[in-house]
Amino acid sequence: MEHTISVKLKIWRQRGPKEKGQFVNYSLDNVSTGSSFLEMLDMLNQQLVEKGEEPVVFDNDCREGICGMCSLYINGHPHGPVQGITTCQLHMRKFNDGDTITIEPWRSAAFPVIRDLMVDRSAFDKIQQAGGYVSFNCGGAQDANSLPISKEVADTAMDSATCIGCGACVAACKNGSAMLFVSAKVSQFALLPQGQVERKRRARAMVSKMDELGFGNCTNTGACAAECPKNIPLSNIARLNREFLNAKFSE
Amino acid sequence: MAQTSKLEGMIDSTPIMHEYADIETGNMPEYTVDSKIPEGPVAEKWTNYKAHQHLVNPANKRNLDIIVVGTGLAGASAASTLGEMGFNVYNFCIQDSPRRAHSIAAQGGINAAKNYQNDGDSIYRLFYDTVKGGDFRSREANVYRLAEVSNNIIDQCVAQGVPFAREYGGLLANRSFGGAQVSRTFYAKGQTGQQLLLGAYSSLNRQIQKGTVHSFTRREMLDVVIVDGRARGIIVRNLITGEIERYAAHAVVLATGGYGRAFFLSTNAMGCNGSAAVQAFKKGAYLANLAFTQIHPTCIPVHGEDQSKLTLMSESLRNDGRIWVPKKKEDAEAIRAGKKKPTDIPDEDRDFYLERRYPAFGNLCPRDIASRAAKERCDAGFGVGTGNAVYLDFKYAIERLGADVVRDRYGNLFDMYQMISDDNPYETPMMIFPASHYTMGGIWVDYELQTSVKGLFAIGECNFSDHGANRLGASALMQGLADGYFVLPYTMQNYLSDQIKVARSTFDTSHPEFDKAEADVRSRIQRLMDIKGTKSPDEIHKRLGHVMWNLVGMGRTLQSLVKALGEIEEVRKEFYSDLRVVGKADDLNTELEKALRLEDFLVIARMMAIDALNRNESCGAHFREEYQTADGEAARRDDEYMYVSCWKYTGDTEKPILIKEPLKYEAIQVQTRNYKS
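Top line first, the protein sequences correspond to chains A and B.
Residues in the first sequence are numbered consecutively from -16, following the working numbering.
Residues in the second sequence are numbered consecutively from 526, following the working numbering.
Simulated from the structure, these hints should not be mistaken for laboratory data.
Cβ coordinates follow ideal geometry from the N, Cα and C atoms, glycine included.
Treat the hints with care, since some could be wrong.
Said to hold, decoys possible - Label pairs and their calculated CB-CB ranges:
(1) B:Lys1185 x A:Gly4: 34 to 44 Å
(2) A:Glu(-15) x B:Asp1040: 34 to 44 Å
(3) A:Gly197 x B:Asp1111: 56 to 66 Å
(4) B:Asn949 x A:Asp138: 52 to 62 Å
(5) B:Tyr545 x A:Val136: 54 to 64 Å
(6) B:Arg1049 x A:Thr202: 35 to 45 Å
(7) B:Ile1056 x A:Asp12: 26 to 36 Å
(8) B:Gln1051 x A:Thr85: 32 to 42 Å
(9) B:Asn573 x A:Ser129: 22 to 32 Å
(10) B:Asp1055 x A:Lys(-9): 47 to 57 Å
(11) A:Glu(-15) x B:Ile1193: 43 to 53 Å
Sequences are here, hints too, so could you generate the full structure?
See below:
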């Protein structure tokens, strides 16, 4: 059954990208274990506002684990200690009465802090703009069933396409690499027949944009896949490496 | 229509005096609506329209600017398609990336009349089911067009590389949704909205790369600018810097979603709001059918006061899950007290009330009916959990299909349920309860999706157009993409064809109308900052939500609506006298964002109650308890209310003007909805 707990919070606060940040300590009582982690932060913010202080800024939107807007490094893990979920799906029943919870923003050169726990992830959009699509104009499509795709291929492509673009992979990586994110999109289209025509161009364009935007290199540590809230497998990175080499050799 | 005899005495239907009783006097001849429905039989209207509409030649397209506000299914598909055609598009969203719009959370699927299952589907049948599902309160011509282009959407999405679910033979798989007797729903696991949105986002990215679409993120629209009677731009607030910015264009498209968060708790994302609709309303666009708000039957029940949102469990679960409550009140009481578990109740003591009341459609009856039936059982004392919950049980599906098949179909939904509720749905039934989910009402648009303001268009959930009084499952994705990919890009050209002669300099951002609009936005913000009261926007929003859920929710009466209007006014007064917005206006300020949205929700909430009060009938999701049949079904009053109620703004506390758009059914015979036989 649900009950209430008290927690101590150690939250990173930073006014802007160029300003110095610091941890600030808060304590919070009467947190229902049925509440979500973000509802707990709502409670904290309500108390701050009641005192006339500015609330802790953090990105969030759908609160059901699919929009990819929420982030947060909680006790040293992107999206908190539970595997396979986003921060908004984390519930307070995973914490004990009296726990100290440390909350930080994503830390990566390519994701500058905007304020407190909110970071700028527009680099991800730029990578997608470089080639994360099938070049096809609306209106001229053939009948959908005239292109049979085996269930196995469709399911594997779906597993890659399930990436929510939250950036946990970059935050988890000691090099700040975006390989898991990029490989998920490249894999989806490399697997599907629709993506074949632009397969090489896409891999080259997306990887070169990723490098240009200041993401680090991949050293096969695997932290990205371990921390990914959607369990995007590491095999995507292996596929991206093959795609990229293949594209480079045929240049 | 016959009123119930069963409920006589239970519902207070004493006539009472209220200030909106004479609202119809506003129905003056100078305010009429022209829905611009093309001539000809319903199946030929769209073809005829396209054959005779005006076009814009390729060289001129790049000289025409279009603003698209929103990047959900409707916004992203419209912006990318207009960009592909060669128009110069400015696209805005409030999130940090266009990929995060709330369409992404749609789980179950998208309908299309492909008839791939050879089960008798057709464009006409999808059209018919949608009009019937909407309880004969939608515009026939629009719905037919929606069904007509539904097949193109699936083709388009597959071409983009959307990984829809497939059969072993490699062809597309389908499943069933409520309100249909065919299998016409295409899906990608329980993440169909995500995959369709990422498809539209990929097309959008291609246009951003090409330079036809200019993307502006973390911007919130705060006003529409009208120059010489036409929408020519918007005022936005940069959510990072707090700066107020101006953008001008030949036409403005709103794709800003629904107003379901008027109830505070809903399945919508935290940022979803009705503000763009209110700004359009104040600039002369009509709002229509606002009483039609969908309460979705299968959501995870409320756990407590600190809750910020409710989570939907996809309607697709009703394919294999059976909904029940205990037959005996003492069992329900024992379960609520924690003395019995649902698994302790034998089959013969379970009341599968949907199967009992609606044998033909069973657990797959439409959403409004399933929601009301759950409320009816809970109100009668048979609810479980806190008393406001019913069971959705997969025991029977697991017995029939095996746990692996069930896991394959619904695994991610079961995981999501377990994460939130801490119960394992493979072992114990899920608990569900209805919650605010979608708004059928919205900005009034004509057949061209243009509002009553020239050059201002509304697409997707933010318009009122296709779902009537109730939307069927898997039809929101269909409508958003139909509007954005296949309808607006055509009708927009018809509007812009003579605009090429209008020089950009006649309405650029230095025009006095932009000065005025910006000054109004600034003074509006300053007014809120200056209140310096004691209540946060969320506290006041929760209070509004309670009023709306209790009095303008699943069951409404004359009395409850009059009471709601009084209470909304009280909340409004509290807002303007006791709101506290901490921080500064010209800075990143999440509290100010919430306050501005709440100010607009107060306008919408009042209009929802007024619309519900005016509509003295029950239809679809709008259930006025005074108007029901002897067995508790919605009693429509077609003779008096077969119209779209369009509302014209006259002031925040003034009586709005009602304009009626009569609904004519030529291709469908109007009847009472029947999901029993």
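Quick rundown of the hints versus the structure:
1. In this structure the supplied range 34 to 44 Å is violated for Lys1185 (chain B) paired with Gly4 (chain A), their Cβ-Cβ distance being about 58 Å.
2. As the Cβ distance of Glu(-15) (chain A) to Asp1040 (chain B) is approximately 54 Å, the hint placing it in 34 to 44 Å is violated.
3. For Gly197 (chain A) and Asp1111 (chain B), the hinted distance range of 56 to 66 Å is not satisfied, since their beta carbons lie about 30 Å from each other.
4. For the hinted restraint 52 to 62 Å between Asn949 (chain B) and Asp138 (chain A), the CB-CB distance of approximately 25 Å leaves it violated.
5. Separation of Tyr545 (chain B) from Val136 (chain A) is about 59 Å and conforms to the stated range, judged on CB atoms against 54 to 64 Å.
6. Distance hint for Arg1049 (chain B) and Thr202 (chain A): a CB-CB separation of about 52 Å, inconsistent with the stated range 35 to 45 Å.
7. Under the hint 26 to 36 Å, the C-beta atoms of Ile1056 (chain B) and Asp12 (chain A), about 29 Å apart, fit the expected range.
8. Hint check: Gln1051 (chain B) to Thr85 (chain A), Cβ distance near 38 Å, so the stated range 32 to 42 Å holds.
9. Separation of Asn573 (chain B) from Ser129 (chain A) is about 28 Å and conforms to the stated range, judged on CB atoms against 22 to 32 Å.
10. The given range of 47 to 57 Å is broken by Asp1055 (chain B) and Lys(-9) (chain A), whose C-beta atoms sit roughly 36 Å from each other.
11. About 49 Å separates the C-beta atoms of Glu(-15) (chain A) and Ile1193 (chain B), a value consistent with the hinted range of 43 to 53 Å.
Violated hints for the displayed structure, listed by number in ascending order: 1, 2, 3, 4, 6, 10.
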